[in-house]
Amino acid sequence: MMLSQRAVLAAFDDDYIGLSKGSLSLALILTRNAASKQFPLDKNSFVTTKGGQVAGLGGGAVKKILKDHGIERILSSEGGRTSRGNMERMNAYIDVLNDLHSHNLLDLDAAEKYWVERAQAYFDALPFTFKLDPSRSLRACVRDLLAQAVERQREVSGTMYAGAVMQHLVGAKLNVITKGSIRHHGFSVADAPSNRSGDFLIGDVAIHVTTAPGEALIRKCQDNLSSGLRPLIVTTEDGVGGAKALAKQVGVDDRLDIIEIEQFLATNVYEWSTFERDARQTAVRDIIDHYNKIIAECESDPSLRIEFDG
Numbered sequence: 001m002m003l004s005q006r007a008v009l010a011a012f013d014d015d016y017i018g019l020s021k022g023s024l025s026l027a028l029i030l031t032r033n034a035a036s037k038q039f040p041l042d043k044n045s046f047v048t049t050k051g052g053q054v055a056g057l058g059g060g061a062v063k064k065i066l067k068d069h070g071i072e073r074i075l076s077s078e079g080g081r082t083s084r085g086n087m088e089r090m091n092a093y094i095d096v097l098n099d100l101h102s103h104n105l106l107d108l109d110a111a112e113k114y115w116v117e118r119a120q121a122y123f124d125a126l127p128f129t130f131k132l133d134p135s136r137s138l139r140a141c142v143r144d145l146l147a148q149a150v151e152r153q154r155e156v157s158g159t160m161y162a163g164a165v166m167q168h169l170v171g172a173k174l175n176v177i178t179k180g181s182i183r184h185h186g187f188s189v190a191d192a193p194s195n196r197s198g199d200f201l202i203g204d205v206a207i208h209v210t211t212a213p214g215e216a217l218i219r220k221c222q223d224n225l226s227s228g229l230r231p232l233i234v235t236t237e238d239g240v241g242g243a244k245a246l247a248k249q250v251g252v253d254d255r256l257d258i259i260e261i262e263q264f265l266a267t268n269v270y271e272w273s274t275f276e277r278d279a280r281q282t283a284v285r286d287i288i289d290h291y292n293k294i295i296a297e298c299e300s301d302p303s304l305r306i307e308f309d310g
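In terms of my numbering, the numbers along the sequence shown are unbroken and rise by one, the last being 310.
Since the hints were made in silico from the structure, they are not lab data.
From the three backbone atoms N, C-alpha and C, an ideal C-beta is built for every residue, glycine too.
Possibly wrong hints are sitting among the right ones.
Derived pair list, reagent style DMTMM-like, types lysine to aspartate or glutamate, alpha-carbon separation capped at 20 Å [unchecked claim]: (1) K43 to E117; (2) K21 to E112; (3) K131 to E262.
Label pairs and their in silico Cβ distance ranges [to be verified]: (4) Q281 to A212: 41 to 49 Å; (5) G52 to D15: 18 to 26 Å; (6) H101 to E307: 55 to 63 Å; (7) S137 to G18: 32 to 40 Å; (8) F39 to S137: 55 to 63 Å; (9) D144 to D107: 40 to 48 Å; (10) R183 to H69: 36 to 44 Å; (11) A121 to A55: 23 to 31 Å; (12) G18 to D278: 48 to 56 Å; (13) T129 to G59: 14 to 22 Å; (14) G59 to D15: 20 to 28 Å; (15) K244 to A121: 42 to 50 Å; (16) H69 to A125: 13 to 21 Å; (17) Q281 to R230: 27 to 35 Å.
Using the sequences and the hints, build the whole thing.
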C-alpha cells in the first residue's frame, strides 16, 4: 500500500534533510522548480550547464519562496555552491517526486508547504547566542546578544524579540538576586496597558523594561510616584536619552532612575564574580540558565532561548 505524500516526504526528510538550513533550502528550490517542468523529471534539467551545481540554488531564491508563505526570515544567505551531499539529496528527491507522480499522489503545492513548515521548525529551534568573549567588554557581549534580537525582529515583522529578550534578562538577573521569588509574565503581557505597577515590583521599586520609552511609560512612572513607589526604567543606550527628555518635560527627571541595560547586567556580573575571570563565566551562565527557565515557563516561542558560548 502506497503511503500518503506527506508520509513519503517525512520519511525522505528523516533520511536526507533534517533541520539543516542547507538541505531545507535545497528541498524548497527543487520543489518550486519542479512545478515548471514536465514529468517524469529529468535530473539533468536541475543542474547547471557545466554540471556539478544545482540550478537556482541561492539565498535570494529561498527567501522569495519563504516570503510567499509569509515568512520574512533568512534561511540561507549563501550562493549556489553545491556539495556532493546536496547532489545526492537532489537525485534522491527527484526520484521521490517521480514516484509520487507515477502513483498520482503528487501535489507540489502541498510539498512546498511541507518544506516551508520544516523551515519554520528550523527557525523555532534556533536560539540566540551569548558569546562571552574575553577580548571584549561584558557590555559589548550583551550588546551583541541584543543585536541578534533586533536583527531577528527585522526578519519577522510584528514580533518584538528585542523587548522580550531584555525583559526576561532583567527578570533572570532579579531571579538570581531574590533566589527565584520574582513573579514573571510573558512579554505580550506588558505592564503599560495593564494595572500592574511595572514589569517587576521589588520592595518599593517598580521596574519597567523597554526598548523605546514613551509618554505612556512616563505616565506609568508618575502613577508609581503617586503610589509611593520608586520607578526604575531599564532601557537601551539609545532609549536612555529619550526617557530622560520625557521625564524632564513633566518634571520628574530627578524622581526616577534610568539605567541602560548593558550596564544593568554587566555591573552585577562583575560584583557577583568578585571580578575574577572564572567566576564571571559562572555568573553569566547562572543568569542565562534562569533566563531559559523563564522562557520555558512564560513564552510559547522556544527560539527566544539563549545558548551560552563561554
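Here is how each hint holds up against the structure:
1. K43 to E117: This hinted pair is violated, its Cα atoms lying about 25 Å apart.
2. K21 to E112: Between K21 and E112 the Cα gap is close to 15 Å, so the pair holds against 20 Å.
3. K131 to E262: holds (14 Å)
4. Q281 to A212: 41 to 49 Å: This hint is violated: roughly 32 Å between Cβ atoms.
5. G52 to D15: 18 to 26 Å: holds (23 Å)
6. H101 to E307: 55 to 63 Å: About 42 Å separates the Cβ atoms of H101 and E307, which means 55 to 63 Å is violated.
7. S137 to G18: 32 to 40 Å: holds (37 Å)
8. F39 to S137: 55 to 63 Å: holds (59 Å)
9. D144 to D107: 40 to 48 Å: Between D144 and D107, where Cβ atoms are some 43 Å apart, the hint holds.
10. R183 to H69: 36 to 44 Å: Cβ of R183 to Cβ of H69: about 38 Å, so the range 36 to 44 Å holds.
11. A121 to A55: 23 to 31 Å: For A55 against A121, whose Cβ atoms are near 26 Å apart, the range 23 to 31 Å holds.
12. G18 to D278: 48 to 56 Å: violated (36 Å)
13. T129 to G59: 14 to 22 Å: holds (21 Å)
14. G59 to D15: 20 to 28 Å: Distance hint for G59, D15 holds at roughly 25 Å.
15. K244 to A121: 42 to 50 Å: Given a distance of about 43 Å, which is inside 42 to 50 Å, the answer is holds.
16. H69 to A125: 13 to 21 Å: holds (18 Å)
17. Q281 to R230: 27 to 35 Å: For R230 against Q281, whose Cβ atoms are near 33 Å apart, the range 27 to 35 Å holds.
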